[in-house]
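2 protein chains.
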Amino acid sequence: MRGIIPKRIKGFRDSTPSLNKLKFDIINSVTKVYQRYGFEHWDTPILEYADCLGKFLPDVDTVEEGVYSFRNPEKEPVYTSDGKEMRDKWEHVVMENHFIALRYDLTAPLARMYAENLWMKYLNQQVNFKNAPLFRRYQFGPVFRFETKLDPGRFREFWQLDFDTIGTELMSVDAEVCMVLADAVEAIGLKRGTYIVKVNNRKILKGFLQHLNIIDEEIERSIIRVIDKIDKVGSTGIEEELGKGRQDSSGAFISGLDLNESSISSIIDFMINFQEIGKRKQVIERLKQFNIHNETFSDGISELEKIDSMLAGLRYNEKRVVFSPALVRGLAYYTGTIFLL
Amino acid sequence: MRGIIPKRIKGFRDSTPSLNKLKFDIINSVTKVYQRYGFEHWDTPILEYADCLGKFLPDVDTVEEGVYSFRNPEKEPVYTSDGKEMRDKWEHVVMENHFIALRYDLTAPLARMYAENLWMKYLNQQVNFKNAPLFRRYQFGPVFRFETKLDPGRFREFWQLDFDTIGTELMSVDAEVCMVLADAVEAIGLKRGTYIVKVNNRKILKGFLQHLNIIDEEIERSIIRVIDKIDKVGSTGIEEELGKGRQDSSGAFISGLDLNESSISSIIDFMINFQEIGKRKQVIERLKQFNIHNETFSDGISELEKIDSMLAGLRYNEKRVVFSPALVRGLAYYTGTIFLL
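As they're listed, the protein sequences go chains A and B. Residues in the first sequence are numbered consecutively from 94, following our numbering. Residues in the second sequence are numbered consecutively from 94, following our numbering.
Only chain A is shown next, with the shape it has when bound in the complex:
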């Protein structure tokens, strides 16, 4: 038995009036910007089927890790992947207490909601990837992560304030993301010049690696993970991790990717080339000077060019949005444009 003592769970906090004021001042200012761009306020439940949330938590491989998950007290039918109830050999519906989980972000529930609304139409072939409806929504609220190590200032429950556009591959939408981000941070009081929206396109690096004959996706992901550490370990650290590996400050050995020397020096060269931030058009020029002619690389450049022309037309210059070809972000799910504020 345990004594009942008043105590909040470790990693959770009570929000004071001043914190709540700050939070809702930010929410009100930012959502006004979102609304101006046509985003609408949707909300999803705190709880979702664990299967629907998937395994996209950064740096975590299974849905169980990092997530508060438990069995639904309600027994429900088990479904096959075509949406039918599963039956046993006596034709009884198979019932189970499914795993449910507290949402760890607002993106996975968005995907679930969007897919759920289109699911029947998709099965009936009324909707496909080409004619999926454009959907713009913003959402805010708490998300939950069971972090085993809690650094100071980190919490297991915290709020996100997302905006997303789905259902199109148009570059104008990616340009719009840059503008919304810039407008939103200015709406909460940051002065121009004190923030910067960095943009890249994953196709640039992918095409660059293809040019070096690195086409295995697993190796590509490993390289991206290493490159992402440049601010932490510097270009020497990167060089070692792409090659034979290195000893970290604690003395532990980090094994390397064993790339050949010319590949390594090409990659390092590329990274150093784009460490400093210039005009967007100059960055595009420099990319072209690499003389890489595979489709992926060319697509990446052309997508950046489209974003630049829209931003330039609307006077979002390099004080607000820059191109940063060395920006990779360690996350596996990026395929096109990458944003960092």
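Check before you lean on any hint, since a few could be wrong.
As the list claims (entries may be wrong) - For lysine to aspartate or glutamate, the following EDC-like pairs were computed, each having C-alpha atoms within a straight-line distance of at most 20 Å: (1) A:Lys372 <-> A:Glu354; (2) A:Lys114 <-> B:Glu250; (3) A:Lys114 <-> B:Glu133; (4) A:Lys103 <-> B:Glu167; (5) A:Lys242 <-> B:Asp255; (6) B:Lys116 <-> A:Asp118; (7) B:Lys100 <-> A:Asp175; (8) B:Lys116 <-> B:Glu250; (9) B:Lys168 <-> A:Asp175.
Said to hold, decoys possible - Where chain B lies over chain A, by a calculated footprint (3+ residues, C-beta under 8 Å): (10) 132 to 145; (11) 165 to 177.
What the hints contain is simulated information worked out from the structure, not anything from laboratory work. For glycine and all other residues, C-beta sits at the position ideal for the given N, C-alpha and C.
Given chain A's structure and the hints, the job is docking chain B onto it.
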């Protein structure tokens, strides 16, 4: 195995832009009223230790029923009731994965937060029931109930918008509750005359039952539960349930409380006497005419008188706030003033 199909959990919903607009319009209007009366915006976590939430869910006896509860993935010390870590015979701290739960209302977490802040001071005898600090807060957000039967329009996740004052027994605070309620519903657009705040004091009925020599608290609670059904089953139904029992519409037999006839007719008399709503001062006069002189009954009347004089002074007349001595509400935790909107 189950197929991964996009689906929200039964009993949960996605909120559309129009629902969210309505929700936050209400929140903004009502919280402005709360603020005007000096209530401040606090928030507590969605998750709490199940022990801290207690067993106060209406009509449910154990914390497991009606609540989403599961074991914390983190092992933590077990505490004794004086707040010390429990140790086994080898002096090792006893560790356990404690039960945690999604909050089922905003009141239990308020009690936890208030108690947690005062806990050390209370142990050090710097604080007691007489000098507990006055605390006024409002809070809004989702709460969760695992209802096994889901009536149409009921959800397992829904929002509450609470205001509470704790740390005092002053009747002015109860009068203030009436004013806040009236102001709040008018702030969201209800016209005066289309709503009414009903007030009673649990001491009235308690004193009345004492006068009938009914002092057992268990029987008292049973009587209150029966009386609370008057709108559903009428005074005849009440009469039967206080006596020998009755057959309900489904044919099932509801056993009665077996009170003696004179007690039953006194209770029914009392109920009928106050079915229609008059002036607050007239209600008090009628209560006095019962000539009941135990302390509980007298306290109840005197507390209603104080509330009336404050409301009258501030011009909150019977169009907004009435006294309803027959109002009991089936909930076991009321001891003094009861409110119903």
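To see whether the hints hold, each was checked on the structure:
Distance restraint check for lysine 372 (chain A) and glutamate 354 (chain A): the Cα-Cα separation of roughly 31 Å exceeds the 20 Å cut-off, and the hinted pair is therefore not satisfied. At roughly 25 Å between alpha-carbon atoms, lysine 114 (chain A) and glutamate 250 (chain B) are farther apart than 20 Å, so this suggested pair is violated. Restraint check: the Cα-Cα separation between lysine 114 (chain A) and glutamate 133 (chain B) comes to about 10 Å, which is no more than 20 Å; the hinted pair holds. A threshold of 20 Å between alpha carbons decides the hint, and for lysine 103 (chain A) with glutamate 167 (chain B) the separation of about 9 Å falls inside it, so the pair holds.
With a C-alpha separation of about 34 Å, the suggested pair lysine 242 (chain A) and aspartate 255 (chain B) falls outside the 20 Å cut-off, and the hint is violated. Distance restraint check for lysine 116 (chain B) and aspartate 118 (chain A): the Cα-Cα separation of roughly 18 Å lies within the 20 Å cut-off, and the hinted pair is therefore satisfied. With a C-alpha separation of about 13 Å, the suggested pair lysine 100 (chain B) and aspartate 175 (chain A) falls inside the 20 Å cut-off, and the hint holds. Among the hinted pairs, lysine 116 (chain B) with glutamate 250 (chain B) is consistent with the structure: their alpha-carbon atoms are about 14 Å apart, no more than 20 Å.
Distance restraint check for lysine 168 (chain B) and aspartate 175 (chain A): the Cα-Cα separation of roughly 40 Å exceeds the 20 Å cut-off, and the hinted pair is therefore not satisfied. Given a C-beta distance limit of less than 8 Å, the hint that chain B covers the region 132 to 145 of chain A holds, as 12 residues qualify and 3 suffice. With 10 residues bearing a CB less than 8 Å from a CB of chain B, the region 165 to 177 of chain A meets the requirement of three and the coverage assertion stands.
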